[in-house]
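Colleague: Make the full structure from the sequences, and use the hints.
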Amino acid sequence: MNMAVVLPMIIFLLIIFFIGYYASKKISSSNSFLQEYFLGGRELGGFVLAMTMVATYGSASSFLGGPGTAYTMGFGWILLAMTQVVTGYFVLLILGKKFAILARRYNAVTLIDFLKMRYKSPIVVLLSAASMIIFLFSSMTAQWVGGGRLIESLTGLNYHTALFIFAISVLVYVTIGGFRAVALTDAVQGGVMVIGTLVLLIGVIIAGGGIDNIVQDLVNENPRLVSPYGFDGNLSMAYVSSFWILVGVGVVGLPQMAVRAMSYKNSRSMHRALVIGTIVTGFIMLNMHLIGVFARPVLPGIEIGDKVIPLIALEVLPAWLAGIVLAAPMAAIMSTVDSLLLLVSSSIVKDVYINYIKPDASEKTIKRMSFGITAILGVIVFLLALNPPDLLIFLNLFAFGGLEAAFIWPVVLGLYWSYGNKYGAIASMVTGIATYVAIHFYNQSNGNLFGVHTVTLPIVLSLVSFVLFSLLIKREQYDFEK
Amino acid sequence: MKKQDPRFKIAHREALIGVALAVVHFIWWFGFAYGLGSRPVEEYTYIFGLPDWFFYSCVVGFILICITVILLAKFVLKDVSFEEEDMK
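Line by line, the protein sequences give chains A and B.
For the first sequence, the working numbering assigns the number 1 to the initial residue and increments by one for each residue that follows.
For the second sequence, the working numbering assigns the number 1 to the initial residue and increments by one for each residue that follows.
What the hints contain is simulated information worked out from the structure, not anything from laboratory work.
Ideal Cβ positions, reconstructed from N, Cα and C, are used throughout, including at glycine.
Possibly wrong hints are sitting among the right ones.
[Claimed, not checked] Only some residues are given here: those of chain A computed to face chain B with a beta carbon under 7 Å:
(1) G96
(2) K98
(3) I211
(4) V226
[What the hints assert, rightly or not] Calculated lysine-lysine pairs in the DSBU-like style (CA-CA distance at most 30 Å, straight line):
(5) A/K474 to B/K9
(6) A/K474 to B/K78
(7) B/K74 to A/K265
(8) A/K364 to A/K26
(9) B/K74 to A/K120
[Claimed, not checked] Simulated DEER-style distance windows between Cβ atoms:
(10) A/Y22 to B/G31: 21 to 27 Å
(11) B/R39 to A/S418: 47 to 53 Å
(12) B/G31 to A/S418: 35 to 41 Å
(13) B/V23 to A/N234: 24 to 30 Å
Modeller: Next comes the structure, spelled out in structure tokens:
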């Protein structure tokens, strides 16, 4: 084990623990437990809000998988990754004020609370709770596996021990600190990501002898690496552009993003978050993927994409600095996992338990339930991640795009189109998920339909069915002022 | 039906700004990437060592978006209260 690499990570974990402890103090002094535990008391300022959005969104794939693919594909993949800049402003401008106002008016704590008040339909609530719990649970497990693997590869501990360390670190602060702990640790983790990527980018450029040199090496190896079409010329215009939907505008439909749009203190924090979020997302994505491409001439011949970033960090930086930089992907994974954990837990406690099982539960019971469910969920995810079942890996394939296809129109049209009703919402969710799964299999065996990413058609089809069903069945205008 | 909450008018306007910005952003990103990038690689010029299509599409595009959102937040987006009127 390389102590110089491991020490910065231990310090990083200690800081995270301390924040969790600090946030738990706030919880015991707050008067509304649910709002505090699941939304941080709707008090987030601009900086923390921006960072928690960036950090939640930036997961293992932005720090390990994405740069790894850029290493193989070249500049075309950075072009694709930069479509994510749009999420920084789009989510907050679209959900922005109307969602914040309505969420407060309805006293909503979760996305599903909002859907419940807007559509007044138990089917909508159960459908959305079920899809959230299933999809988020599976993507959470996948991220835990990633976290465990990362610790394993950095420290040389075996996978089970590594996973255990990862699980304990996340579980402790999420369980005791709730949303505030998640948001504050996200802010620290976001900061680590920004600094880590910048240091590593500079390191790689120096090691490669300057940008001119590196790009020249790429052209000499294969000129297509500097074109937008990928190393083999197969990265098509339509495919890359369809990522505007998957990782750009479609992100509005992700519950973990929507819940953050109810947590800010006032419109000034929202405006500030918009600016910081856009800048930080773009900065991190640009840097990370440039690192991936630039790593190619510096350290040729890496076979496994996920290893590009750890290997290049250890190659071009002194060990202690590599440790700090490699805390960044770790931070990215943790900050994604922590919010998913809390989201699933809130869905079970608030959307299922309080809604349908015990509406008159006392504050004390709710408190015990929330801590308990969060902890139990964590333990279950840990056990699953030890030996991930095939079903879970299978479900994870649909998690991101499936959730977008299910939620985007019920949320967006629910906010802005007064004729949207529960029939539209149900039809849209069912269509979104069903066509996503169907097209996924079609694309797997026949290549991409129309050359675009799987998510594109389901988003269009679920829009069509939302509008059709809303207008055909019990057409009625919704009054937002009620 | 009661009169519409005046805050919603602001919210609707800002959502439309979001859509418009995303459309313009897409055109910029797409135009430079595939407009310049579709030439043969030998004809590329390099700016700060980066291929020109990439520099304009992703680097300049990103910087312009940052400037735009800063200006939006400063001059265009309006402050509104999120609380209900009677609670003020």
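Colleague: Each hint should be assessed against the structure and marked as holding or not.
Modeller: Taking the hints in turn, this is what the structure says about them:
| no. | hint | verdict |
| --- | --- | --- |
| 1 | G96 | 6 Å, holds |
| 2 | K98 | 4 Å, holds |
| 3 | I211 | 3 Å, holds |
| 4 | V226 | 5 Å, holds |
| 5 | A/K474 to B/K9 | 27 Å, holds |
| 6 | A/K474 to B/K78 | 36 Å, violated |
| 7 | B/K74 to A/K265 | 18 Å, holds |
| 8 | A/K364 to A/K26 | 16 Å, holds |
| 9 | B/K74 to A/K120 | 38 Å, violated |
| 10 | A/Y22 to B/G31: 21 to 27 Å | 48 Å, violated |
| 11 | B/R39 to A/S418: 47 to 53 Å | 49 Å, holds |
| 12 | B/G31 to A/S418: 35 to 41 Å | 36 Å, holds |
| 13 | B/V23 to A/N234: 24 to 30 Å | 28 Å, holds |
Consistency note: the structure conflicts with the earlier hints numbered 6, 9 and 10.
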